[in-house]
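Take a look at the letters that make up each chain.
Protein chains: 2
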Amino acid sequence: MQDDFSQQEKNGLYKAIHSRRDVRAQFKHDSIPDDVLLRILDAAHHAPSVGFSQPWNFILIKDLETRRKVRESFERERERSSQLIDDPKRSRYLSLKLEGIMDAPVNLCVTYDPTRFGPFVIGRTSIPETGVYSVCCAIQNLWLAARAEGVGVGWVSILDNDDLREILQIPEHIVPIAYLCMGYVTHFEGKPDLERAGWLPRLPLNDVIYFEKWGASEGNGWQKLQRKLNGS
Amino acid sequence: MQDDFSQQEKNGLYKAIHSRRDVRAQFKHDSIPDDVLLRILDAAHHAPSVGFSQPWNFILIKDLETRRKVRESFERERERSSQLIDDPKRSRYLSLKLEGIMDAPVNLCVTYDPTRFGPFVIGRTSIPETGVYSVCCAIQNLWLAARAEGVGVGWVSILDNDDLREILQIPEHIVPIAYLCMGYVTHFEGKPDLERAGWLPRLPLNDVIYFEKWGASEGNGWQKLQRKLNGS
Numbered sequence: 323m324q325d326d327f328s329q330q331e332k333n334g335l336y337k338a339i340h341s342r343r344d345v346r347a348q349f350k351h352d353s354i355p356d357d358v359l360l361r362i363l364d365a366a367h368h369a370p371s372v373g374f375s376q377p378w379n380f381i382l383i384k385d386l387e388t389r390r391k392v393r394e395s396f397e398r399e400r401e402r403s404s405q406l407i408d409d410p411k412r413s414r415y416l417s418l419k420l421e422g423i424m425d426a427p428v429n430l431c432v433t434y435d436p437t438r439f440g441p442f443v444i445g446r447t448s449i450p451e452t453g454v455y456s457v458c459c460a461i462q463n464l465w466l467a468a469r470a471e472g473v474g475v476g477w478v479s480i481l482d483n484d485d486l487r488e489i490l491q492i493p494e495h496i497v498p499i500a501y502l503c504m505g506y507v508t509h510f511e512g513k514p515d516l517e518r519a520g521w522l523p524r525l526p527l528n529d530v531i532y533f534e535k536w537g538a539s540e541g542n543g544w545q546k547l548q549r550k551l552n553g554s
Numbered sequence: 323m324q325d326d327f328s329q330q331e332k333n334g335l336y337k338a339i340h341s342r343r344d345v346r347a348q349f350k351h352d353s354i355p356d357d358v359l360l361r362i363l364d365a366a367h368h369a370p371s372v373g374f375s376q377p378w379n380f381i382l383i384k385d386l387e388t389r390r391k392v393r394e395s396f397e398r399e400r401e402r403s404s405q406l407i408d409d410p411k412r413s414r415y416l417s418l419k420l421e422g423i424m425d426a427p428v429n430l431c432v433t434y435d436p437t438r439f440g441p442f443v444i445g446r447t448s449i450p451e452t453g454v455y456s457v458c459c460a461i462q463n464l465w466l467a468a469r470a471e472g473v474g475v476g477w478v479s480i481l482d483n484d485d486l487r488e489i490l491q492i493p494e495h496i497v498p499i500a501y502l503c504m505g506y507v508t509h510f511e512g513k514p515d516l517e518r519a520g521w522l523p524r525l526p527l528n529d530v531i532y533f534e535k536w537g538a539s540e541g542n543g544w545q546k547l548q549r550k551l552n553g554s
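Chains as they are written, first to last, in this note's numbering: chain A, 323 to 554; chain B, 323 to 554.
It is worth saying that the hints were derived from the structure and are not from the lab. These numbers were taken from a predicted model, which means no experiment stands behind them. Wrong hints could be hidden among the right ones.
Pairs count within a copy or across copies, as identical chains cannot be separated in the list.
As the list claims (entries may be wrong) - Derived lysine-lysine pairs resembling DSS-like cross-links, with alpha carbons at most 30 Å apart:
#1 Lys411 to Lys337
#2 Lys513 to Lys350
#3 Lys337 to Lys391
#4 Lys535 to Lys350
#5 Lys384 to Lys535
#6 Lys411 to Lys332
#7 Lys411 to Lys546
#8 Lys513 to Lys332
#9 Lys513 to Lys337
#10 Lys384 to Lys332
#11 Lys419 to Lys384
#12 Lys391 to Lys332
#13 Lys546 to Lys384
#14 Lys350 to Lys337
#15 Lys535 to Lys411
#16 Lys419 to Lys546
#17 Lys535 to Lys391
#18 Lys350 to Lys419
#19 Lys350 to Lys546
#20 Lys535 to Lys419
#21 Lys546 to Lys513
#22 Lys513 to Lys384
Modelling step: build the complete structure from the supplied sequences, incorporating the hints.
Structure (structure tokens):
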């Protein structure tokens with residue numbers, strides 16, 4: 323089974339992983355054909371889920387009035403969060419483009435239903451949060467499929483979930499997990515926006531890997547391999 | 323940008339998404355070469371993260387004694403959770419193979435560090451859970467890359483996180499998110515284990531999609547498209 327993916331198939335997966343971006347600024351207005359949208363949602367639906375509970379729902383939003391309300395929630399939350407920091411960081415924060423709610427032709431709210439196939443869900447009894455984790459895996463599948471289809475996705479998390487519940491009529495027991503903006507783009511940037519803006523650097527892979535227990539690194543061999551991987 | 327993926331590259335991504343399995347039973351003992359493991363971890367490290375916070379760590383575990391302790395935690399939790407259901411469901415539950423901790427050559431604990439690049443992380447101020455969501459996206463990247471490399475991954479969630487903290491010396495402020503078993507496999511099953519066992523069915527995609535607001539389905543056009551997608 324080690325070679326059931328051709329080199330081109332492997333490349334396709336890695337290309338999606340490495341060229342996927344959190345898109346805020348390059349949306350085109352062209353609509354996404356239904357069959358493309360459906361392939362992307364089907365990819366999400368084939369994510370792993372704890373106890374095969376498939377606890378996700380996808381609310382597709384195109385209505386302008388709905389999106390305007392969501393954008394207002396974003397604006398309130400952005401203003402509120404900017405109070406947590408001082409200038410010059412605050413001004414820089416407020417100058418960043420952080421959402422494409424009105425620019426992207428499709429918005430998508432992904433939700434978690436803790437009651438799906440419950441109450442006993444295999445594998446969710448010790449760590450109940452695993453239900454939410456499944457929904458996040460679905461979102462990542464969706465993001466990668468969208469990338470391969472040329473569709474940009476931006477996750478807007480500067481929002482009040484109570485606003486989302488009210489705007490989208492989401493029941494009390496359902497948890498909004500992600501609010502995504504989707505659309506074709508003029509281009510995908512080579513690096514994440516916040517890396518390009520010099521806000522934060524990408525960590526060396528070696529810094530986040532430990533061996534056998536927390537905090538134990540294992541120097542040279544892996545560092546060498548990593549340099550090889552980076553082509554340097 | 324709509325056609326920057328060749329059909330073969332797209333196929334590679336979708337093949338990984340649709341043939342990925344949560345593996346418990348088919349592990350081979352062959353070790354995973356470091357360069358393969360590194361490509362898989364690098365895929366995880368290129369996941370999206372809120373505010374580019376990259377809040378993950380990866381603890382690679384091969385030590386048998388460590389794994390034996392983790393397996394004991396699994397056994398205690400499985401026994402405990404089985405008390406929540408009655409026969410015949412309980413017996414069926416206990417007969418399922420739910421982990422490959424000792425079978426797989428590599429175990430991996432993925433953790434979340436809420437302090438990484440904090441306290442102000444862009445996009446995490448309104449919905450603090452988005453930090454954990456980033457780690458889950460990384461896990462799904464890892465899972466897909468592993469599949470393309472022929473490496474099976476099984477997520478063991480029937481565990482006590484306090485046991486994990488103690489066994490792996492994880493500090494109090496770090497949150498264990500996933501405990502994964504990884505290794506080459508004899509084969510990947512065509513369907514999820516719990517679907518094959520008749521425990522739960524896969525939901526029709528149409529059942530989890532709403533339009534404009536919660537609960538609003540939009541019948542026929544999408545159902546037709548879905549049948550086309552399913553090749554029926």
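We went through each hint and held it up to the structure:
1. With identical chains, the CA atoms of Lys411 and Lys337 are never at most 30 Å apart, being 34 Å at best within one copy and 43 Å at best between copies.
2. Proximity of Lys513 to Lys350 under the C-alpha cut-off of 30 Å is restricted to the intra-copy arrangement: shortest distance 20 Å within a copy versus 37 Å between copies.
3. In the homo-oligomer, the alpha carbons of Lys337 and Lys391 never lie at most 30 Å apart, since the shortest distance is 35 Å inside one protomer and 38 Å across protomers.
4. In this homomeric assembly, Lys535 and Lys350 come within 30 Å of each other (Cα to Cα) only across copies, at 24 Å, whereas the closest approach inside a single copy is 47 Å.
5. Taking the shortest Cα distances, Lys384 and Lys535 sit within 30 Å of each other only across copies (10 Å), while inside one copy they are farther apart (48 Å).
6. Neither within a single protomer nor between protomers do Lys411 and Lys332 lie at most 30 Å apart by alpha-carbon distance, with minima of 41 Å and 40 Å respectively.
7. Proximity of Lys411 to Lys546 under the C-alpha cut-off of 30 Å is found in neither arrangement, the shortest distances being 36 Å within a copy and 51 Å between copies.
8. For the identical chains of this complex, Lys513 and Lys332 are neighbours both inside a copy (21 Å) and across copies (21 Å), given an alpha-carbon limit of 30 Å.
9. For the homomeric pair Lys513 and Lys337, the shortest alpha-carbon distances inside one copy (13 Å) and between copies (26 Å) are both at most 30 Å.
10. Proximity of Lys384 to Lys332 under the C-alpha cut-off of 30 Å is restricted to the inter-copy arrangement: shortest distance 26 Å between copies versus 34 Å within a copy.
11. Taking the shortest Cα distances, Lys419 and Lys384 sit within 30 Å of each other inside one copy (21 Å), while across copies they are farther apart (44 Å).
12. Proximity of Lys391 and Lys332 under a CA criterion of 30 Å is satisfied in neither setting, with 41 Å inside one chain copy and 35 Å between copies.
13. Proximity of Lys546 to Lys384 under the C-alpha cut-off of 30 Å is restricted to the inter-copy arrangement: shortest distance 21 Å between copies versus 49 Å within a copy.
14. For the identical chains of this complex, Lys350 and Lys337 are neighbours both inside a copy (22 Å) and across copies (28 Å), given an alpha-carbon limit of 30 Å.
15. Taking the shortest alpha-carbon separations for Lys535 and Lys411, neither the intra-copy value of 36 Å nor the inter-copy value of 37 Å comes in at or below 30 Å.
16. Proximity of Lys419 to Lys546 under the C-alpha cut-off of 30 Å is found in neither arrangement, the shortest distances being 37 Å within a copy and 38 Å between copies.
17. Taking CA atoms no more than 30 Å apart as the test, Lys535 paired with Lys391 passes between copies only; the shortest distance there is 13 Å, against 47 Å inside one copy.
18. Only within a single protomer do Lys350 and Lys419 lie at most 30 Å apart by alpha-carbon distance; the minimum there is 16 Å, versus 48 Å between protomers.
19. For the homomeric pair Lys350 and Lys546, the shortest alpha-carbon distance between copies (27 Å) is at most 30 Å, but the shortest distance inside one copy (42 Å) is not.
20. In the homo-oligomer, the alpha carbons of Lys535 and Lys419 lie at most 30 Å apart only across protomers (26 Å), although the nearest pairing inside one protomer, at 39 Å, exceeds that limit.
21. With identical chains, the CA atoms of Lys546 and Lys513 are at most 30 Å apart within one copy only, with a shortest distance of 23 Å there and 39 Å across copies.
22. Taking the shortest alpha-carbon separations for Lys513 and Lys384, only the intra-copy value of 28 Å comes in at or below 30 Å, while the best inter-copy value is 34 Å.
Violation of the numbered hints given earlier is confined to hints 1, 3, 6, 7, 12, 15 and 16; the remaining hints are satisfied by the structure.
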